[in-house]
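Enquirer: Produce the entire structure from the sequences given, and follow the hints as far as they go.
Residue numbers (numbering that gives the first Met the number 0), protein chains in the order written: chain A, 0 to 252; chain B, 0 to 316.
Hints may contain errors.
Dumping the calculated SDA-like pairs for lysine to any residue here, alpha-carbon to alpha-carbon at most 25 angstroms [as the list claims (entries may be wrong)]: (1) B:Lys64 - A:Asn157; (2) A:Lys160 - B:Pro70; (3) B:Lys64 - A:Gln225; (4) B:Lys310 - B:Asp248; (5) B:Lys64 - A:Asp127; (6) A:Lys116 - A:Lys160; (7) B:Lys115 - B:Arg101; (8) B:Lys142 - A:Asn246; (9) B:Lys64 - A:Leu207; (10) B:Lys231 - B:Leu186; (11) B:Lys108 - B:Ala77.
Bear in mind the hints are in silico, worked out from the structure with no lab data behind them.
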Amino acid sequence: MSRLCNWFFPAVVLLSVLLCGGVATAEQVDFEAMAKDAEDCGISSVSVNILETAIHDGKLSGDEAGRLLGHLVEVCSEKLPTVPFEEKMAEGLAKRVAPVAVERVLAAKLEDYRDAKIILTEAGKGDDPSLLVIAGEGLSNGVSTSELQAFASARGENDEKEFLVGMEMLCLLRQAGFDAALVNDTLDTGFESGSLSPDWRYFIRVALVARERGVDNASIMKAARQVLASGGVPGDVSIRLGFTSRNIGRRVN
Amino acid sequence: MKKVIGAFVVMIVMMSGCAKIVGPYYLEQGKYEEGVETLTHEYRENPNDASTAYYLGRLYLALNKPEQAMPYLERAVAADPADADYLFWQGVGYWALMDFDREREMYIKVLRIEPKHISANLYLGHNYLDRGEVKNALGYYDKVIVLDEFNPEALYNRGTALHDLGMEKEAVEAWKKFLEYYPDGSLALQATERLNIQGDFTYRNFIIGKRNVTLRTMVFKPGTFDLTSESKESLHVLAAMMEENKILDLHVVGYSGNGKNRARRMVQSVRDYMLSGHPDFDRNRLLLSWFGTPEVVGEGKRSFTLDDSVKFITVVR
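Expert: Written as structure tokens, this is what we have:
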């Protein structure tokens with residue numbers, strides 16, 4: 000039954016969107032019914048409200064809103080995480096991007112998430128939504144499929160938590176323009192030393208601040224490798240790069 | 000005995016139900032995990048108590064688990080938004096999560112409530128320094144030094160800020176002032192390195208035994224081979240280390256651009272002074288060598304020539 004529901008609602012919504020898009024005028028789209036179906040599928044009421052308000056304010060026609068909602072339902076129906084898509088749609092509408100352009104972005108993002116799911120499934124990690132978001136967003140923001148594939152196949156056997164941290168580091172550092180070889184060397188050091196603790200998810204913040212201060216990418220990653228090799232945390236990288244530290248321990252006040 | 004005292008404290012706390020007693024105890028003793036265990040129980044009993052949430056957050060932070068710490072610190076702040084320490088530690092938590100913007104926000108809030116909060120002034124200075132907003136950083140370090148004249152981090156980082164502003168001469172003076180108060184420890188080593196890079200060799204780091212030690216450079220009173228009182232203090236440090244470690248022997252190496260003879264007299268003077276205070280020392284534990292040339296020191300990409308210099312090198316067995 001639940002499987003039927005999973006597919007039934009999106010199918011109905013998709014069908015109505017296609018029909019409405021093809022033959023009906025904006026006023027004829029029963030957005031309310033579509034919205035109910037979308038919420039049943041798992042789309043947040045916030046996103047639905049945004050679309051309703053946009054129709055009400057005359058910023059979107061019912062048809063446009065319906066098509067945008069249809070994209071979200073498609074994501075939902077494929078059991079992909081909807082939040083990044085909802086956020087992207089809200090961002091586009093807030094920035095007054097043309098609805099057609101928002102649709103295009105959502106469609107491209109969906110392709111990236113599909114690719115991400117395939118890559119992760121092949122590596123035996125297909126069920127983890129947080130991984131899917133990391134990989135999907137990585138691909139959406141310029142990380143190449145081959146790079147992600149190489150990482151997943153090389154590190155698929157590693158500990159789940161380390162794999163997640165490593166993938167997040169790969170995606171974020173590559174998006175920030177760090178050279179692939181530098182990033183891979185650093186991740187190799189992390190995996191080999193077993194020191195990719197969850198703290199390393201925040202390394203990107205250190206890296207960006209260091210770059211803001213004029214430290215070159217190679218020096219940042221060299222410091223990261225040295226710290227990883229000795230089992231340290233990102234805070235140690237910032238200290239190694241000459242940044243200040245904080246006492247998080249014994250001091251009482 | 001310690002266990003008995005610990006158990007006693009825990010018992011009192013359990014009876015009093017007061018995180019304000021147990022929290023500082025566990026933090027001071029470094030018993031973070033035990034503290035988390037005790038206070039978690041306390042927190043379940045009384046989830047609205049701000050101080051319980053605060054100390055739980057602090058203990059998690061001390062365990063270097065900022066993600067676990069933050070919900071508790073947030074809860075403490077929500078329960079008592081006017082408590083400067085709660086806000087301050089939330090800021091530290093954000094730093095641990097490398098969220099530097101929110102870290103700054105918290106310290107600014109603290110200073111609105113308590114403008115003389117030394118740690119918030121200091122860490123706000125750190126935050127500005129790390130983000131390259133050096134003038135702001137310097138302002139906060141100066142303020143900390145007004146509030147706490149001997150604050151080591153403010154004294155040291157004041158030098159860094161001045162250096163970053165291109166005020167090299169003032170930076171050198173700031174680091175020397177820091178070293179005057181704190182001639183030992185990791186910041187002293189760093190301050191010395193930074194001074195040396197600027198061509199100031201008032202202090203130098205030497206590997207003595209297995210430790211990297213900051214020492215005052217050997218300086219002789221004009222026209223004599225008598226050591227200045229500051230130089231003698233460094234020799235006291237070395238003598239104490241040799242006293243402690245009976246197998247620690249040192250090479251004392253002299254350089255002088257004014258000839259071999261001067262270099263020899265310099266190292267002899269050093270050895271004589273050390274032996275005069277420690278007649279029990281075997282003189283062979285201080286092995287002398289000398290060169291009639293200046294010492295050339297490479298620091299970073301630059302090199303410096305020191306006309307008169309004495310180096311200490313651990314004898315490798």
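Enquirer: Against this structure, judge whether each hint is valid.
Expert: Hints, one by one, checked against the model:
no. : hint                : result
1   : B:Lys64 - A:Asn157  : holds (23 angstroms)
2   : A:Lys160 - B:Pro70  : holds (21 angstroms)
3   : B:Lys64 - A:Gln225  : holds (22 angstroms)
4   : B:Lys310 - B:Asp248 : holds (13 angstroms)
5   : B:Lys64 - A:Asp127  : holds (23 angstroms)
6   : A:Lys116 - A:Lys160 : holds (18 angstroms)
7   : B:Lys115 - B:Arg101 : holds (20 angstroms)
8   : B:Lys142 - A:Asn246 : holds (20 angstroms)
9   : B:Lys64 - A:Leu207  : holds (22 angstroms)
10  : B:Lys231 - B:Leu186 : holds (22 angstroms)
11  : B:Lys108 - B:Ala77  : holds (14 angstroms)
Of the numbered hints listed earlier, not one is contradicted by the structure.
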